[in-house]
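Protein chains in written order, with the working numbering: chain A, 1 to 207; chain B, 1 to 207.
Worth flagging that the hints you see were computed from the coordinates, not collected in a lab.
Each hint can be trusted.
Here are the computed lysine-lysine pairs in the DSS-like style, where the Cα-Cα straight-line distance is at most 27 Å: (1) 59(A) <-> 166(A); (2) 59(A) <-> 136(A); (3) 200(A) <-> 166(A); (4) 24(B) <-> 59(A); (5) 24(B) <-> 24(A); (6) 166(B) <-> 59(B); (7) 59(B) <-> 136(B); (8) 166(B) <-> 136(B); (9) 24(A) <-> 59(B).
Residues from chain B that keep clear of chain A, each with C-beta distances beyond 10 Å, as calculated: (10) 101; (11) 104; (12) 118; (13) 119; (14) 135; (15) 142; (16) 161; (17) 173; (18) 180; (19) 181; (20) 183.
Facing chain A, from chain B, some residues (calculated, C-beta under 10 Å): (21) 4; (22) 30; (23) 43.
Here a beta-carbon is modelled for each residue, glycine too, at the ideal position from N, C-alpha and C.
Number of protein chains: 2
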Amino acid sequence: MELPSRLIEAAVDQMASLPGVGRKTALRLVLHLLNRSDEQVDAFSESFQQMKQGIHACKTCHNLTETAVCSICADPARNDRLICVVEDIRDLLALESTGQYRGQYHVLGGVISPMDGIGPNDLNIDALVTRLENEKTGGDEAALEVIFALPATMEGETTAFYLFRKLASTGVEVTAIARGLAVGEDLQHADEATLVQSLKQRLPYTS
Amino acid sequence: MELPSRLIEAAVDQMASLPGVGRKTALRLVLHLLNRSDEQVDAFSESFQQMKQGIHACKTCHNLTETAVCSICADPARNDRLICVVEDIRDLLALESTGQYRGQYHVLGGVISPMDGIGPNDLNIDALVTRLENEKTGGDEAALEVIFALPATMEGETTAFYLFRKLASTGVEVTAIARGLAVGEDLQHADEATLVQSLKQRLPYTS
Numbered sequence: 001m002e003l004p005s006r007l008i009e010a011a012v013d014q015m016a017s018l019p020g021v022g023r024k025t026a027l028r029l030v031l032h033l034l035n036r037s038d039e040q041v042d043a044f045s046e047s048f049q050q051m052k053q054g055i056h057a058c059k060t061c062h063n064l065t066e067t068a069v070c071s072i073c074a075d076p077a078r079n080d081r082l083i084c085v086v087e088d089i090r091d092l093l094a095l096e097s098t099g100q101y102r103g104q105y106h107v108l109g110g111v112i113s114p115m116d117g118i119g120p121n122d123l124n125i126d127a128l129v130t131r132l133e134n135e136k137t138g139g140d141e142a143a144l145e146v147i148f149a150l151p152a153t154m155e156g157e158t159t160a161f162y163l164f165r166k167l168a169s170t171g172v173e174v175t176a177i178a179r180g181l182a183v184g185e186d187l188q189h190a191d192e193a194t195l196v197q198s199l200k201q202r203l204p205y206t207s
Numbered sequence: 001m002e003l004p005s006r007l008i009e010a011a012v013d014q015m016a017s018l019p020g021v022g023r024k025t026a027l028r029l030v031l032h033l034l035n036r037s038d039e040q041v042d043a044f045s046e047s048f049q050q051m052k053q054g055i056h057a058c059k060t061c062h063n064l065t066e067t068a069v070c071s072i073c074a075d076p077a078r079n080d081r082l083i084c085v086v087e088d089i090r091d092l093l094a095l096e097s098t099g100q101y102r103g104q105y106h107v108l109g110g111v112i113s114p115m116d117g118i119g120p121n122d123l124n125i126d127a128l129v130t131r132l133e134n135e136k137t138g139g140d141e142a143a144l145e146v147i148f149a150l151p152a153t154m155e156g157e158t159t160a161f162y163l164f165r166k167l168a169s170t171g172v173e174v175t176a177i178a179r180g181l182a183v184g185e186d187l188q189h190a191d192e193a194t195l196v197q198s199l200k201q202r203l204p205y206t207s
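This is chain A alone, in the form it adopts within the complex (with noise of 0.2 Å):
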């Protein structure tokens, strides 16, 4: 589909830049935006531009933040004898969410994934095993846990071994988030590998 002009095909290609957005929903959105008053188109592309010149990644954790140590790192109150292994920002979001984890993070940016050219040395990895020997050394005395709440896909598997491998040196204890049945779902409905594993994690029975 031909634009009828160029000012237009660029915002549609950058709109079309934006990961599953095809170019006729791009086309849609732009339209959308010609809609609007200048301010609010200003408005709009300034958020971007606003936010990627104040955001970084916090330099414990790599969560995302305005300040050299995020909220959470910085909060005394959270427990930092325990770190949770995420993949991004999202799943720390996520996990944020439920309000019951008080524990500190480390988000990866990423898991390994050799179809997406992604290794090992493009994650943050060094730095997590960094932080562990730092705070081993740091002289609190309480044992270290580390969380793995990674995605349990094949590339998630694969990080959380890999991972393990390398923490094995700093003598931290090692778990991850549980897997089995979600809550609300029947079992009919659940795939094989995740009853097999609902069977392997069994639990003594509470009420």
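Once you've looked at the hints, dock chain B against the given chain A.
Below, chain B without anything else, positioned relative to chain A:
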């Protein structure tokens, strides 16, 4: 889901203000933008501002253009006695991409939709009447044909009926694009209203 920064919150709000983009999708897109370079985010943002500043409606047909009159209205090779009325610019682009229509257009900018609070005065209807009257007094004696290429919805039909009565005084010939079985479609999957229309609008068979 509480976001770790008001800058991200603002960007997600802006992205989610686009039609059909929910907050989860908006967050995914915004985090994708955060991974780009400053220059890429600037190019993304500025494309919409440049478009907004450089694009306006053609004063004749309300197509989008960077100049006073759009390239279709300005093209002397096109038949200016044939005006195709469409709901919006995407419908114009769809017809143009067939490469088979060589007349001109008139973009209404919507259809009459009381449910959405859109009345005739919100559309470029008076401009069409004025345009047709100018064409008639312009000295060209060739008959003027207006083709309704409006959506086959309640709103499209309402708009066509309103326009038809409005144009009666101008004495122009009014036609409408055919309704019927889509190319490649079989009868058993077509809806009944379409089949009724395809029977009503039957034509002498030509091989």
